[in-house]
Amino acid sequence: MARSIVTLTTDFGSSDHYVGVMKGVILNINPEAEIVDICHDIHAYDVLEGAFAIAQAYRYFPPRTIHLVVVDPGVGTARRPILVAADKYYFVAPDNGVLSLVFDREENALVRHITSNHYFLEPVSQTFHGRDVFAPIAGWLSRQVETDKFGEPITDFVRFHVPPPKRVTDRLLKGMILRVDRFGTLVTNITPEDLPQLFAENPPDFKIIVGKMEISRLKTTYAQGAPGEVFAILGSSGYLEIAANRASATTTLGVSKGAEVGVIFT
Amino acid sequence: MARSIVTLTTDFGSSDHYVGVMKGVILNINPEAEIVDICHDIHAYDVLEGAFAIAQAYRYFPPRTIHLVVVDPGVGTARRPILVAADKYYFVAPDNGVLSLVFDREENALVRHITSNHYFLEPVSQTFHGRDVFAPIAGWLSRQVETDKFGEPITDFVRFHVPPPKRVTDRLLKGMILRVDRFGTLVTNITPEDLPQLFAENPPDFKIIVGKMEISRLKTTYAQGAPGEVFAILGSSGYLEIAANRASATTTLGVSKGAEVGVIFT
Amino acid sequence: MARSIVTLTTDFGSSDHYVGVMKGVILNINPEAEIVDICHDIHAYDVLEGAFAIAQAYRYFPPRTIHLVVVDPGVGTARRPILVAADKYYFVAPDNGVLSLVFDREENALVRHITSNHYFLEPVSQTFHGRDVFAPIAGWLSRQVETDKFGEPITDFVRFHVPPPKRVTDRLLKGMILRVDRFGTLVTNITPEDLPQLFAENPPDFKIIVGKMEISRLKTTYAQGAPGEVFAILGSSGYLEIAANRASATTTLGVSKGAEVGVIFT
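Residue numbers (our numbering), protein chains in the order written: chain A, 15 to 280; chain B, 15 to 280; chain C, 15 to 280.
In case anyone wonders, no lab produced these hints; they're calculated from the structure. Because the structure is a prediction, the values reported are computed rather than measured. Heads up, some of the hints might be wrong.
What the hints assert, rightly or not - The calculated label-pair distances, taken between Cβ atoms and stated as ranges, are:
hint	chain 1	residue 1	chain 2	residue 2	range
1	A	N216	C	K163	36 to 42 Å
2	C	V138	A	G272	29 to 35 Å
3	C	P206	A	P77	49 to 55 Å
4	A	N216	C	V159	37 to 43 Å
5	B	P206	A	H127	30 to 36 Å
6	A	H57	C	E160	42 to 48 Å
7	B	G239	C	N131	54 to 60 Å
8	A	P217	C	K226	53 to 59 Å
9	A	T161	B	P218	46 to 52 Å
10	C	N131	B	P241	49 to 55 Å
Said to hold, decoys possible - Selected chain A positions facing chain C (in silico; Cβ < 10 Å):
hint	residue
11	I19
12	D55
13	A71
14	F75
15	K180
16	A237
17	S251
We put the CB at the ideal spot given by N, CA and C, even for glycine.
Construct the complete structure from the given sequences, taking the supplied hints into account.
What follows is the structure, given as structure tokens:
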């Protein structure tokens, strides 16, 4: 039998024992589980950022991988724990929208409200459900407990939509910076579907306005152009990015998450 | 046979090769070992912080897990390497008190001074015992070498006690901030045993004084109250915490590790 | 059959999904691969720093370990992906010099230009070869695909040399700070071979000049001397280091990477 893979995506950072405790709980239930860190440095409480990380990563794992996602500002409140069975993957998370971008890709996902508290780590605290609720569920699921043992299906789970860019005029589209990555690259909410002409073989002249800068070049690799030059590029996540050659666009432009991005065809 | 699990808790951070080297040494001795990171971002040289992390995490792992703890400001000096066999777990660490809080919970732990230098990685440096002493011992231990092969029992190992809160008057208890977690939550040294009335069903009126703030609310979840509101809560580690709803208490209060905390019944 | 170990060394940091995605790609090809993180916090684009990290760590792993190194500022350009078979280890990396210090130790390494694009993850992006090229190659290699299946040998691979210290006069050697580690220790490019007399049993009087400080003490452990005292020491990586007892030399001296270091015999 193939190993059970359990991935972890959290906002717990790396300076505390929280992630280690979750791993211990999973391994104590299933010592054969293979635990894989996706990312623990989601900004504290940032459910949207967590939603992006898991949506970008989950499809690259083997079928039957269990993805545990704990960005959980509402821990201890009435927000539900959920178990999601998608075509090839399982997800365990709080019902706060952190799986919204997974739902966008997984039309047939079946969402269950986890109520089977005999699987929980007792006594269940009101402050660390990663340890007491989510890790145990992932551990038991990795031991092939069937999903219907954990709770009933629900359809009223929380799901938000990434704010789409707005078409202001025929020639102007306004989007925003969704996140800034490790390299200082600014990831927008604009996709090729929003702006097919920009990514056409012979695109019309355009300006992308971010902060005080006007960008008129679209490149295909990060290393094109002069060192430090700022340009636009279609990034590996499928979004238009503003990047700088071997430099940080967020530092160069003084622009970060939430900033407006305008695309004008001239 | 179940896999041997070896956990790592260090102050080596994540920007150097040090942790990777330790993993290599363990796997070279036992390629079947399952290495699990607990935490590598203990503040440099902070033995107390390391003591907290391992004491919080170790019990959640499967029996026979080997916990390797390297916060070792005295590397190369006469401080001894030790191997601890507790009821269900093994610990390998420098003899500098980093296991003090484990000893508090493990009355029957047998502590050995590791002297069997034929297990070490030769030549043993005076600057990186994580690589040359501790990782090899963990590797061989994970291959079921018996603990008495590593050295003789000792009883004069280093052990410190977390400074307890002080009862100043019938109505005033003074404690301190032991650590600040990733969310900016201030973890005190005050437990329910120190202040049973605070955690009773109908607690008397009280004020908790931290920095310039007076807190008179005890909550049960981090998400209660208005966004940014500062309150007290019993945390998942078993200590009274000062937290802020979806915000950082250390930033809001301008208070960090070592600060005094007063609890007054009014 | 022994487990296949695949190590990861990147400049991808820990705040994004990039590392998680690479792990998923490897496990999807070989669910039995054992993935081990060496270091993901190489400074962005810093090929020299990546070269140091992998050169320090690789030899400690079991024979046949596959070392995947992705510090790749030229992603998407004409720089080649390479597969290196050394005596005991495999390496997969961009051909940008990041394996230079490995080549220094591995005289017999055979370097191949990876051209077998049927192993790649299609469609291959121009922005994330860690996901689309390097991780798949490591995954297939871990399934025992033979190295000659991936491409032809080359000899014109990129290889740089660490700038050696300069002997200015009989009594003066000038070196530089190559990197600063987590503890604030300054690692120079000076080895015992450059200055055998400094590491002799009875060294002559000397001064090491770094920033505005003159250091005349060579110690053998980090914990010697008064707290905060700055001194020289032969570090675990084999280079002369400038360190401070339980403190940060980079902070104390106001000196960091690239700074000049002079050694004068007086």
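The hints, checked one at a time:
| no. | hint | in the structure |
| --- | --- | --- |
| 1 | N216(A) with K163(C): 36 to 42 Å | 39 Å, holds |
| 2 | V138(C) with G272(A): 29 to 35 Å | 32 Å, holds |
| 3 | P206(C) with P77(A): 49 to 55 Å | 53 Å, holds |
| 4 | N216(A) with V159(C): 37 to 43 Å | 41 Å, holds |
| 5 | P206(B) with H127(A): 30 to 36 Å | 32 Å, holds |
| 6 | H57(A) with E160(C): 42 to 48 Å | 45 Å, holds |
| 7 | G239(B) with N131(C): 54 to 60 Å | 57 Å, holds |
| 8 | P217(A) with K226(C): 53 to 59 Å | 55 Å, holds |
| 9 | T161(A) with P218(B): 46 to 52 Å | 47 Å, holds |
| 10 | N131(C) with P241(B): 49 to 55 Å | 51 Å, holds |
| 11 | I19 | 6 Å, holds |
| 12 | D55 | 4 Å, holds |
| 13 | A71 | 4 Å, holds |
| 14 | F75 | 4 Å, holds |
| 15 | K180 | 26 Å, violated |
| 16 | A237 | 5 Å, holds |
| 17 | S251 | 8 Å, holds |
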